[in-house]
Each structure stands twice: as C-alpha cells, then as structure tokens.
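Take the sequences, apply the hints, and build the full model.
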Amino acid sequence: MSTLEKNMSLTGEAPKNINTIQKLGTVIGMLGLFIIVLAGFNVDLPNKGIWLTIALTALTGGIILFAHGSYKHKLEGIKNDGVWFKSISSRGYLAWIAGIALTGFYIVLYFFAELLGLGIDGAANTGVIALFDPLSRILSGNAASQWFVYGTLYTIAIIAFGVKFIRKYKHNRYEQLRTLSVMFFQTAFAFMIPELMARLNSDDFSLPYNDLKNMWPLNYYAFDQWRIDQFINAETIGLVFLIFGILSIFVVSPILTYKYGKRWYCSWVCGCGGLAETAGDSFRQLSDKSMSAWKVERWVIHSVLVFSVLMTTAVISTYLGYDDTKYWLTKDVFLIGVAVFLGVLFALIWYFKKEELAKDAKYGAIGYLVIILSLIAIHYLSGKELFLFEAGKLRSFYGFLIGSVFSGVIGTGFYPIFGNRVWCRMGCPMAAILGMQQRLFSKFRITTNGGQCISCGNCSTYCEMGIDVRAYAQKGENIVRSSCVGCGVCSAVCPRGVLKLENGSMNGRIDSNEILLGNDVDLMDLVNKN
Amino acid sequence: MEHIVIIGNGISGVTAARHIRKLSDKKITIISSETEHFFSRTALMYIYMGHMKYEHTKPYEDYFWKKNRIELRQGFVKSVFPKKKKLLFSDGETLHYDKLIIAVGSKSNKFGWPGQDLAGVQGLYSKQDLDSLEKYAPNNKTCKRAVIVGGGLIGIELAEMLNTRNIPVTFLVRENSFWDGVLPKGESEMLNRHIKNHHIDLRLGTNLKEILSDENGKARAVVIQETGEELPCDIVGLTAGVSPNVDFLKDSGIELGRGVKVNRSLETNVEDVYAIGDCAEQHEPIGNRRPIEAVWYTGRMMGETLAQTICGNPLEYKPGHWFNSAKFFDIEYQTYGWVFANKKEYEEHFHWKHEDDTKCITVSYHKESNLFLGINTFGLRMRHEIFDRWLSEKRDIHFVMENLSKANFDPEFYKKFEGQVLAAFNNQIVPV
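Heads up: the sequence lines are chains L and V, in that order.
Taking the numbering used here, the leading residue of the first sequence gets 1, the next gets one more, and so forth.
Taking the numbering used here, the leading residue of the second sequence gets 1, the next gets one more, and so forth.
Please note: incorrect hints may appear among the correct ones.
[Unchecked claim] With a Cα cut of at most 27 angstroms, we get these calculated DSSO-like pairs of lysine-lysine:
#: 1; chain 1: V; residue 1: K66; chain 2: L; residue 2: K295
#: 2; chain 1: V; residue 1: K110; chain 2: V; residue 2: K135
#: 3; chain 1: V; residue 1: K67; chain 2: V; residue 2: K22
#: 4; chain 1: V; residue 1: K135; chain 2: V; residue 2: K26
#: 5; chain 1: V; residue 1: K53; chain 2: L; residue 2: K79
#: 6; chain 1: L; residue 1: K79; chain 2: V; residue 2: K135
Hints were generated in silico from the structure; no laboratory data involved.
This is the structure:
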C-alpha cells in the first residue's frame with residue numbers, strides 16, 4: 001500500500017521489529033556463517049573439526065533460536081503478520097541482498113568450485129571445502145567436495161528452518177508431519193545413507209552416489225552410462241538399486257500419485273521441495289498468480305520434460321549395442337520401445353481424458369509427440385545423429401541449462417524475488433509427469449466447502465505454486481491442478497474453513513458450479529446443469 | 001442495446017454483472033466511488049496486518065472487466081431520477097440507464113455520540129476507512145491507545161488488526177458478554193477469554209458517553225458512560241454494526257425503510273429499479289433471516305438471482321438453509337442452520353467445549369421432535385454440503401451426533417473430537 005511506503009517514521013512498525021531472542025539468534029547464526037566465510041578467504045583455522053562444529057552448530061542454533069523468539073509468546077494460529085512489511089519477505093533491500101548472495105553462491109558452486117577451495121587433480125582441499133573435510137572423513141572416509149559442502153549446508157537448512165516451520169504451524173499437524181518427513185528424507189536418504197554407502201567402495205567395488213528417493217527425470221543423470229556400468233558391476237546390490245530406480249518411476253510413483261496426488265513426493269519427500277518448504281517458506285507469497293504466468297508455466301515445464309525425455313533416450317541409446325545375440329535390449333529395441341510407449345500413453349490419454357484437456361494442452365501434446373516421433377524417424381531414415389545432436393552434447397547442455405542454471409541458480413538463488421517454487425513450477429520434469437497424472441488420474445483434490453468462501457485471497461497469496469486458489473474457491477469448485485504440490489497452506493490460512501486437501505472418489509472430483517451451494521435449489525440445478 | 005447500470009462494485013453488484021454477461025449481451029456499467037476495481041472487503045484487515053497487499057484482495061485481474069465488456073466508471077452518484085431513468089453524479093455528469101441495480105452496501109452506524117465526527121473517529125468498512133486507519137494508527141508511537149466501540153464482528157477484527165502493530169486496545173462492549181445477542185452463552189464467554197488472552201482490554205457492559213476533541217479537532221479521549229472515566233486515545237473505532245448506505249435515494253421516489261425496500265424478486269417500488277446486497281431490505285423477512293442481510297454470500301446470491309430475472313428468467317430470491325462463518329483472532333467459527341443465543345421456546349441446546357478453551361460446539365434441536373435445527377462450531381471445521389443435506393432431510397439430533405465425523409472438514413491428521421462430543425451428548429439426559 002502506498003501509504004505505508006510514505007511512512008518515514010524511524011520507530012519501525014511493530015510487526016517489523018525483532019525481539020531480544022531474535023537478535024541473539026541472528027548474532028549466533030551470523031557467527032556460524034562468518035566462520036565459513038573466513039575459511040573461504042583461506043584464513044588458516046587450526047583444528048578444522050572444532051571450527052566446523054562451532055560453525056554448523058551456531059548456524060543451526062541461530063536459526064532455531066530465532067524461530068523460538070518469533071513464536072514462543074504467540075498463541076496457536078496463522079503467523080503472517082507483517083509479511084508484506086518486512087524487507088526480506090516483500091522484495092525489499094534485504095531480499096535483494098539475499099538473492100544476489102544466493103545466486104552468487106550457486107554460480108561459484110556449479111562453475112567455479114575451485115574458488116571454494118576444491119583441490120584440483122588430487123591436490124588437498126583448501127578454503128571452505130577443507131573446513132568440511134573432517135566431517136566428510138567421518139562419514140564417507142574421503143575428503144570433502146563442493147557437493148559435500150553443499151549437501152551439508154542444504155541438510156542443515158532443511159532441518160533448522162524445518163524446526164522453524166513446525167513452530168510456526170504448531171496448531172497444524174498436517175504441516176508438522178509433512179515437514180518432519182522432508183527433514184527425515186533429506187537427512188537420511190539424500191545425505192547420510194549415500195555418504196555411508198561410499199564407505200563400501202574399494203578398488204574393485206564401487207557404487208555411484210545414490211539418493212534412493214531422487215528419481216528420474218528429476219535425477220537427469222540416473223541413466224548415464226557410468227552409473228549404469230557401476231550398478232551392473234556392483235552385482236546384486238547395484239542391480240537392486242537399479243531395479244528400484246526403474247520401479248519407482250513406473251510402479252511406485254504412479255500408485256502413490258493415484259492415491260495421494262503428487263504431494264506424496266513434492267512436499268513430503270523431495271529435497272528441492274523440502275528446501276522450498278522450509279528455508280523458502282518466507283518467500284511463498286512472492287509467486288506470480290497471473291493468468292499469463294500460468295500460461296508460461298505450462299509451456300516451459302512441459303518443454304523441459306520433453307527435453308529430458310529426448311536427452312535420456314539419446315544417452316541410453318548410445319551405450320546400447322546393435323547385436324541382439326549379446327543382449328536383448330538393443331538400440332533398435334529401445335528406440336522403438338520408447339516410441340511405442342509414448343504413442344500408447346498419448347493414445348490412452350486422448351481416448352479417456354480428451355474432454356478434460358484444454359485447447360493448448362491438446363496442441364502441446366500433439367506437437368511434442370510429433371517432434372519426438374519424427375526425430376526418431378529421421379534417425380532411422382537418414383542415419384543422422386539421434387535427435388540431430390550428439391548425445392553427450394545434449395546431455396551436457398541439459399545438465400548445464402536445466403540441472404545447474406534452472407534448478408540451482410534461478411530456482412533457489414531467486415527465492416527472495418520470484419518465490420520459493422520457481423523450479424518446481426516452471427522447470428522440474430518430475431513435477432510435470434506427476435502433475436499430468438495428478439490432473440488426469442488421481443484421487444487427490446482440494447475440496448471447496450460449499451458457499452463459505454469470502455474471496456479474501458489469503459489462499460492465492462500464500463500459494464507457492466502461483467495457483468489462483470480463490471478463483472476456484474469462490475466458484476465453489478474443487479481445485480484440481482497439475483502444479484499443486486499439496487503443501488496445505490491454502491487450507492491453513494483460510495479464515496473461513498473453506499479448503500481441505502483430500503483423497504476421494506474420482507467421480508465428481510472436478511465440479512464447476514455457476515451457482516454455489518446455499519442459494520435457491522432450483523436455480524442451482526437450472527444453471528449448474530449446463 | 002439495453003443498458004444495465006449497477007451502482008456499487010462490491011460482491012453483489014459484481015456478481016450480478018458477471019451473471020448478466022454470461023446470460024446476455026446487454027451493455028453493463030458498474031459505478032463506484034470507492035475503488036477502481038472490485039476488491040474483497042472482507043480482506044481489508046489483512047492489508048493492515050501485512051498478510052496481503054491491496055492488489056491481492058482483487059478477485060479478478062484488471063483485464064477481466066474489459067474482456068467481459070463490463071464498463072467501470074468511477075464517480076459518486078448524488079441522485080437518481082427514476083422517471084427520466086437518469087443518474088446525476090456529484091461532478092454534474094449524468095448517465096442514462098434502462099435498468100438500474102442498487103448495490104451500494106452499507107455504512108458504519110453512528111448513534112449520535114458527541115464527537116462521533118471528529119478526525120480519528122472511524123468505522124471499518126471501506127477502502128477509505130483503511131487509508132484513514134493507516135494515517136491515524138500506523139504504529140504505537142503515533143497511536144498510543146485505540147478505543148473500539150461495539151462488540152461485533154468488525155470490532156473484534158479491528159482489535160486483532162491494531163494488536164498486530166502492538167497498539168494497546170480498549171474494547172468497549174455494550175453487552176455483558178461478547179456478541180451474546182447472536183452466540184449462546186458458552187461460546188460467547190469462551191471468546192471473552194480468548195480476547196483477553198490477546199491482551200485486549202475488554203470492557204463488558206460498558207457504553208461510550210462521548211468522544212473528546214483536542215485543539216485540532218482530532219479525538220484525544222473517550223468518556224465512559226457508566227464510570228465517567230476518561231480514557232486517552234488516538235483513534236476511536238466505531239464498530240456498532242452497519243446500516244444501508246441509502247441517503248442519496250431519499251428524494252428519488254424509491255421506497256426506503258432502513259434500506260431499499262424490495263420484494264422477493266428484488267424489485268423496488270419503481271419499475272426497472274432493483275436493489276441487492278447489504279442495502280436491500282425485504283418487505284417480509286425470509287424464514288428466520290433478517291430483512292436486511294449484511295453478509296458476503298447473501299449479496300452474492302442476490303446477484304446470482306437478479307441476473308436471471310433481468311435476463312428474462314424471472315426468479316425470486318430464495319436462499320437455502322442459513323449458514324455463515326467468521327474468525328475471532330485465532331478461532332474459526334462456522335454455523336449451519338439456526339442456533340439462537342436466547343433459546344426459542346421449542347429449542348434445546350447441547351453444548352460441548354474442549355478443555356483447551358479454543359474449541360466448542362453448540363447443537364440446537366427441537367425439544368419435542370428432536371429435529372436437528374442447527375450447529376455452531378468453534379475451532380472445528382464442518383462440511384457445508386453435509387449439513388445442508390441433513391437440514392433438508394430433516395434429520396434428528398441423534399443421527400447428527402452419531403454421524404458428526406462425516407461432516408468434519410478439518411485438515412488431515414487433525415485430532416478428532418467427535419467421540420468426546422458424542423460421549424458427552426449421551427451422558428446428558430436427553431428429553432425423548
């Protein structure tokens with residue numbers, strides 16, 4: 001509001017002030033960060049193990065103490081006072097500082113890891129990465145890498161801000177359980193288990209770093225040749241992992257998504273989602289809710305999915321042979337298999353769900369299918385490189401553009417500007433697949449409670465996926481959107497108890513009402529019939 | 001082409017416009033002197049509290065109106081001349097209509113208190129009220145204390161708002177318990193305690209005598225009727241209800257009571273002039289409903305209904321079973337059917353309260369027939385559809401209590417209380 005910005009008072013609005021405990025938390029947390037930054041300047045800290053312990057404890061403790069100061073004296077309820085007054089959560093100065101710092105961190109992490117002190121060609125680590133060596137040696141027995149540093153900080157962020165989120169929603173068990181779940185999956189599956197598994201590796205046995213919950217296509221390198229080779233060479237255990245990975249995609253995920261919607265993954269399990277829901281929670285209101293943003297979202301995310309399918313198909317086909325006497329799965333079998341699978345999937349959706357697809361979704365689906373099939377056809381007819389590019393180049397281009405720039409630099413670095421789910425909404429190919437299923441073939445929906453909606457807009461404002469929830473609620477219509485990750489915050493912030501996340505019957509899941517419950521029954525029947 | 005002119009861009013007027021557009025190609029103009037675009041009045045509080053910005057309160061994006069050929073006109077209608085089918089604006093301009101829909105909403109009540117028109121004395125209804133609040137109560141340095149007069153839904157919202165900026169609030173409530181004209185005793189008393197838990201200086205059974213002015217014509221204190229106490233303050237919120245905003249129609253020939261008098265078809269005494277929403281007053285109340293219903297959804301329903309009539313499908317306004325909801329600080333409230341604060345002679349109540357003092361239920365049923373009449377819930381969400389059906393099916397109280405869990409609408413994994421409620425119900429002596 002313009003009147004607020006004109007207020008030149010130096011006393012500060014009450015919701016913006018921070019109390020003594022919050023100040024203390026900030027000091028402690030910044031101290032932890034400061035030690036890590038010092039290490040980055042190659043200040044030679046003796047006894048790195050102790051300094052690392054101090055740094056990580058201070059970082060975690062600072063955040064948790066800040067949360068304690070924020071919510072200790074508050075009664076159970078919604079805690080959004082002053083969100084749009086605070087600089088950090090309303091794209092103010094602090095938000096820009098944080099955004100720039102995060103973006104810079106991601107650029108260094110992905111492209112200039114030596115600046116963090118990564119030892120090149122077997123040299124010892126220095127700087128920040130050396131600071132993390134002691135912890136890495138305890139877990140995996142190896143020196144740290146930039147990815148270990150990142151993984152550790154990532155896990156700490158999810159745990160510490162997870163505690164904050166749980167305190168913020170102390171009245172809401174759905175939010176609490178969901179947060180405990182992402183904290184667990186990050187700590188155990190993404191961090192501890194793979195690090196400890198690395199201990200099994202020796203000269204004649206090695207497993208790739210394997211986060212069991214990180215499924216293809218979010219994990220775009222899942223079917224890279226070196227990983228498959230390692231899995232196969234690791235015999236039983238490797239094959240178990242490989243088969244689990246494939247089953248997750250084609251069996252586990254479809255079943256869970258059918259029963260619970262994509263939320264089972266996106267807001268209960270996934271690491272990207274985990275960070276967004278915890279460290280990113282303060283930025284959820286920044287997502288763009290306009291119709292135009294939705295249009296962009298649908299084209300971009302599905303293009304990424306197509307790109308990822310193409311890339312993976314190309315990569316796999318490079319290491320498959322032509323001779324079916326050696327192994328049944330030859331390059332030809334695989335390519336024709338992919339074409340048939342996509343064709344059948346398309347035909348099934350078209351046959352059963354055509355009525356539910358919007359015009360642009362139909363165009364998009366036909367267009368993408370034609371592109372994929374014709375690329376495979378060109379390959380056979382003219383003998384050109386599959387998909388016109390060399391698979392390795394396609395793979396590294398994907399890794400750079402989608403894996404690094406989109407998911408990291410933009411997806412997380414820009415949290416304080418574009419909101420916390422930009423990657424999940426616009427870029428994640430896994431979200432695209434789950435979303436398609438959620439929209440067309442799932443029991444999940446957000447139920448609108450009859451005619452109780454007062455169009456206040458809290459639900460839309462706090463939807464991190466940029467869904468205009470109110471547009472449905474004020475029509476008395478259930479919310480069935482492919483992008484919904486089921487975070488449950490729309491339901492939590494609703495002052496009138498209008499929204500409920502549910503798994504129910506597929507019948508009547510989407511019900512568009514012109515006249516809402518509560519009006520003349522004849523009128524409701526008359527108009528809603530059409 | 002027939003020109004439909006709607007005065008007022010609130011939920012009633014906008015709903016009518018949307019549905020007329022769906023049903024026809026008529027020319028539609030919406031007039032407002034408040035804001036350029038429709039916004040949700042119920043969300044004003046969240047702007048002050050920093051939960052939302054003004055643009056978030058707009059249910060439709062700005063391109064919506066042009067796309068749907070709904071003309072928006074900013075201006076204040078001074079008079080209506082039904083014989084000439086003409087409106088006169090305060091700037092002297094005029095506008096011709098073929099059909100006129102009056103959807104001007106309400107204004108805050110003032111009961112003739114001395115000092116009620118001073119600067120810093122205001123209601124909380126319009127966008128302008130919010131701007132004024134931001135001016136006089138931006139923080140607790142400029143506003144060292146606020147006094148709120150009138151214990152209803154808007155009063156408690158205003159208290160919650162000021163509280164978020166750490167402005168001390170004294171809340172004068174005429175009744176002996178908060179909103180006890182509407183809520184049964186157990187609920188009302190639970191809310192008294194909840195209000196006090198938020199450090200509001202709640203004064204029950206207390207009336208305003210007068211508001212004192214400083215040398216600049218701004219409120220500086222209030223005087224309390226009962227004790228004569230003088231309470232220094234920087235802002236006074238008058239929240240003793242609202243009434244129809246119809247002064248500009250006094251000489252128009254359109255019949256007025258407290259609001260614009262309408263029949264069941266929402267027609268006024270003048271042909272081609274209709275009234276809907278907060279400003280409409282039914283000649284005869286519908287069922288237990290009040291003749292003037294200043295509720296969000298009734299405004300919407302009148303808009304839905306009137307659009308049919310105007311587009312050639314004459315319909316009467318026939319609202320279904322009563323329902324409503326609100327939120328008191330952290331406690332959500334829903335109601336379905338009728339639960340009267342002062343029991344009607346045929347009515348029996350069952351009341352259950354959770355030990356944490358933030359959740360309770362009151363169920364009303366017929367003494368003799370055990371017919372289920374209505375339910376109030378606090379801190380528990382219920383399903384509108386289920387209660388609407390049970391009311392239509394005329395279920396008895398035992399059926400409702402035994403099936404209460406089917407109506408639960410709380411988020412997943414929430415603790416369930418239906419078992420406790422049913423046990424408590426079965427333990428009391430129920431007249432058969």
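Exercise for the section: Please flag the earlier hints that this structure goes against, numbers listed from lowest up. Expected result: 4
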